[in-house]
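Q: Using the hints provided, position chain B relative to the given structure of chain A.
Listed below are the residues making up each chain.
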Amino acid sequence: MNNASVENQSTNVNRPEPVVRMEDCSISFGGIHAVDNASLSLCKGEVVALLGHNGAGKSTFIKLLSGAYKRDTGTIHIRGEQATINNPRDAKAYGIETIYQTLALADNVDTAANLYLGRELRTAWGTLDDVAMEARAREVMGRLNPRFQRFKEPVKALSGGQRQSVAIARAILFDAQILIMDEPTAALGPQETAQVGELIKQLKDDGISIFLISHDIDDVFDLADHVAVMKNGQMVGTAPVTDVTRDEVLGMIILGKCPPGATPGPGALRDGTVSQ
Amino acid sequence: MPEPQTTASTDGARQSQESLLTRLVRATEVDTRMLGMMGALLLIWIVFHIFSDGRFLTPRNLWNLSVQTSSVAIMSTGMVLIIVTRHIDLSVGSILGFVAMIMGVTQTVALPDMLGSGSSYTWAITLAVGIVAGAFIGAIHGYIIAYLSVPAFIVTLGGLLVWRGAAWWVTSGQTVAPMDPTFRLMGGGPYGAIGAFWSWVVGCIACAGIVFMIALGRRNRKRFNFPLRPMWAELTLAGAGCAAVLGAVAVANSYPWPRGIVNRYATANNIAVPEGGLFIAHGIAIPVLIAVCVGIVMTFVATRTRFGRYVFAMGGNPEAAELAGINTRWVTMKIFILMGMLCAIAGAISTARLNASTNAQGTLDELLVIAAAVIGGTSLSGGIGTIVGAILGALVMQSLQSGMVLLGVDAPFQNVVVGVVLVLAVWLDGLYRRHSV
Chain A
1 MNNASVENQS TNVNRPEPVV RMEDCSISFG GIHAVDNASL SLCKGEVVAL LGHNGAGKST
61 FIKLLSGAYK RDTGTIHIRG EQATINNPRD AKAYGIETIY QTLALADNVD TAANLYLGRE
121 LRTAWGTLDD VAMEARAREV MGRLNPRFQR FKEPVKALSG GQRQSVAIAR AILFDAQILI
181 MDEPTAALGP QETAQVGELI KQLKDDGISI FLISHDIDDV FDLADHVAVM KNGQMVGTAP
241 VTDVTRDEVL GMIILGKCPP GATPGPGALR DGTVSQ
Chain B
1001 MPEPQTTAST DGARQSQESL LTRLVRATEV DTRMLGMMGA LLLIWIVFHI FSDGRFLTPR
1061 NLWNLSVQTS SVAIMSTGMV LIIVTRHIDL SVGSILGFVA MIMGVTQTVA LPDMLGSGSS
1121 YTWAITLAVG IVAGAFIGAI HGYIIAYLSV PAFIVTLGGL LVWRGAAWWV TSGQTVAPMD
1181 PTFRLMGGGP YGAIGAFWSW VVGCIACAGI VFMIALGRRN RKRFNFPLRP MWAELTLAGA
1241 GCAAVLGAVA VANSYPWPRG IVNRYATANN IAVPEGGLFI AHGIAIPVLI AVCVGIVMTF
1301 VATRTRFGRY VFAMGGNPEA AELAGINTRW VTMKIFILMG MLCAIAGAIS TARLNASTNA
1361 QGTLDELLVI AAAVIGGTSL SGGIGTIVGA ILGALVMQSL QSGMVLLGVD APFQNVVVGV
1421 VLVLAVWLDG LYRRHSV
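In order, the protein sequence lines correspond to chains A and B. Numbered continuously in my numbering, the first sequence closes out at residue 276. Numbered continuously in my numbering, the second sequence closes out at residue 1437.
Don't read these hints as lab results, they were simulated from the structure. Quantities reported herein were computed from a predicted structural model and do not represent experimental measurements. Mixed in with the good hints there might be a few duds.
Take a look, some chain A residues computed to stay more than 12 angstroms from chain B by CB distance [what the hints assert, rightly or not]:
1. S28
2. V140
3. P190
4. K204
Below, a list of computed lysine-lysine pairs in the DSSO-like style, where the Cα atoms sit at most 27 angstroms apart [stated by the list, open to error]:
5. K152(A) <-> K1222(B)
6. K204(A) <-> K44(A)
7. K70(A) <-> K1334(B)
8. K44(A) <-> K201(A)
9. K44(A) <-> K70(A)
Even glycine gets a Cβ: it sits at the ideal position worked out from N, Cα and C.
So that you can see chain A by itself, here it is in the shape it has in the complex (with noise of 0.2 angstroms):
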């Protein structure tokens, strides 16, 4: 066991133990490190938000999570016990649930056939039963955008925000534990995105977890509790927002410096150097 997850396990003393706990979890694709020892965990009814440059992993990094790639080493454990994801089946098996940066909708189909894709109602006759699952998709959507009515016409007729509102009811309609959000805001007007920020809320308060991948520093301020920074596919260092300035968390996304307040991590600029 090396010293980053040491020191993990050192700052999850006056933590709960965590729902989600990720260690030294890498991956690489044809010699490239896309994600390198990376450690993170997450506690029941917390958000932890994902920083870091384009290209810095975190995208990667979730998705050994969601089950959309499958992690070359390191472990991952739920609720206390040993997981195993291998592909994005079994991740909704242990109620993870992800909004891809990419969306992921099937574009030549309608909202409600993509909200229930790879889970559809069925009726007794074994059949799919459209008008109920509708039904269930007017009701979703009417929480997040009660403007929304174009329930007749394939995904790829809606607008960006319209499409984002899909993939966010997607995810919360099967009573998600875990949620990862990749920019979940990034199609989204100032007015849809506060809606966003004010559902992240209600959702913490519910008690489900939260990983948020963010551009947005205000934005993670504001929702999160944890910040997380990532370069090179490292991880730079782990910090409750409370103990780090804006500008320190920036320092970290852009020189990869881990200020006092944070626990470094693997990707940390020490005296200079990266750390191994």
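A: Leaving out everything else, chain B in the frame of chain A:
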């Protein structure tokens, strides 16, 4: 209980300005693209009718047209699912040929040895053997495509060669004939049709089915207080559907048996033939009945089952389907298994019609089947296509071919026309889509 709101858009002022046709299309929610295809088919029929001096739109020609279409139509329903998931199957003609050869040998050599000749189970066992063989071949293709990640184009191009060769290998190239008499009924002909009475029965059941489906849809939408189609639109739909069904039955029932067969039948059954001949109608041909059943089942599978939903979702965005937790590889494999089974059914019809299994059976069918699916609106870029469209596409292709035969167009020139129509249809379809979405 008050009637729920009738249409989604209730802008009355605007609606009254629209033409009757626009309102009809909007209220019935019919697919305008499908209407366009039906219009095109009707146009082709009328043009041929005029140029052939009234020989095209006759019960005889339409009946034959329906029988000739059934084999390609059956395979095209499976091709829709394959193309929707961005794959292709170039091997269907060869699978048909190989499976037809297996079925030929099963009923002429294997089963008579085991059951004695003329067993009444021969046809059923033969068909079952064919379907299992087709499913097995499809499973091999599907496995290589889905689990070994070899492109479908290559796998089925290989299949095209392999199964054609295998068909030759079964009998060293000899034609197998004649077929079991019951099996032959699947090919049509005077005996391979269900007669006037049963045709009306089937027609009435179909009408009841149409009304039932519309009523069921209405009740379902009422359950959640969703907007309903106006009653007159529902009645128009039901009326048009029933009229089409009964009209088709009437046409099939006005095509009489040829005099020679009537006389033979009369002699065999001790019926006195009156002056001017006895009128015995063909009724719906059995291969057409099979094709219609396949069409209904495949439409059900494509639109009402999870499998169908996954097929379309995978076609729209394969990555999204995978991330949604769909086992896309297994779905892909199932599609190819289904295709193999449909090839076997089509092969049974073609063998029964020929009364033989030959080495070259089904050659070039893959191109007709792909063309039918594509003319029927299946998009090669994936995610879009309907079973009904593909069947209509098959009907368009066959109409062109038999129309040109009626007109005495030379065979090479027939191919030129079919080729041009294929390209034209896809171009028009692309134009339509760009303007509608």
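Q: Minimum Cβ separation between K204(A) and chain B greater than 12 angstroms?
A: Given a closest Cβ separation of 24 angstroms, the condition holds.
Q: Hey, is P190(A) genuinely clear of chain B, shortest beta carbon separation above 12 angstroms?
A: Holds, since 28 angstroms exceeds 12 angstroms.
Q: Keeping to a limit of 27 angstroms between CA atoms, is the pair of K152(A) and K1222(B) held or broken?
A: holds, 17 angstroms
Q: Given the hinted pair K44(A) and K201(A), is their alpha-carbon gap at most 27 angstroms?
A: Holds - the C-alpha atoms of K201(A) and K44(A) are around 13 angstroms apart, at most 27 angstroms.
Q: Hint check: K70(A) vs K1334(B), CA-CA at most 27 angstroms. Holds or violated?
A: Cα-Cα ~25 angstroms, so holds.
Q: Would you check whether the claim that V140(A) is not at the interface survives, using Cβ distances to chain B and the 12 angstroms cut-off?
A: Nearest chain B Cβ is 14 angstroms from V140(A), so the label holds.
Q: Would you mind confirming whether the straight-line C-alpha gap from K44(A) to K70(A) stays at or under 27 angstroms?
A: holds, 24 angstroms
Q: Does S28(A) clear chain B by more than 12 angstroms, comparing its Cβ with all Cβ atoms of that chain?
A: holds, 20 angstroms
Q: Between K204(A) and K44(A), is the straight-line Cα distance small enough, at 27 angstroms or below?
A: holds, 9 angstroms
Of the numbered hints given earlier, the model fails none.
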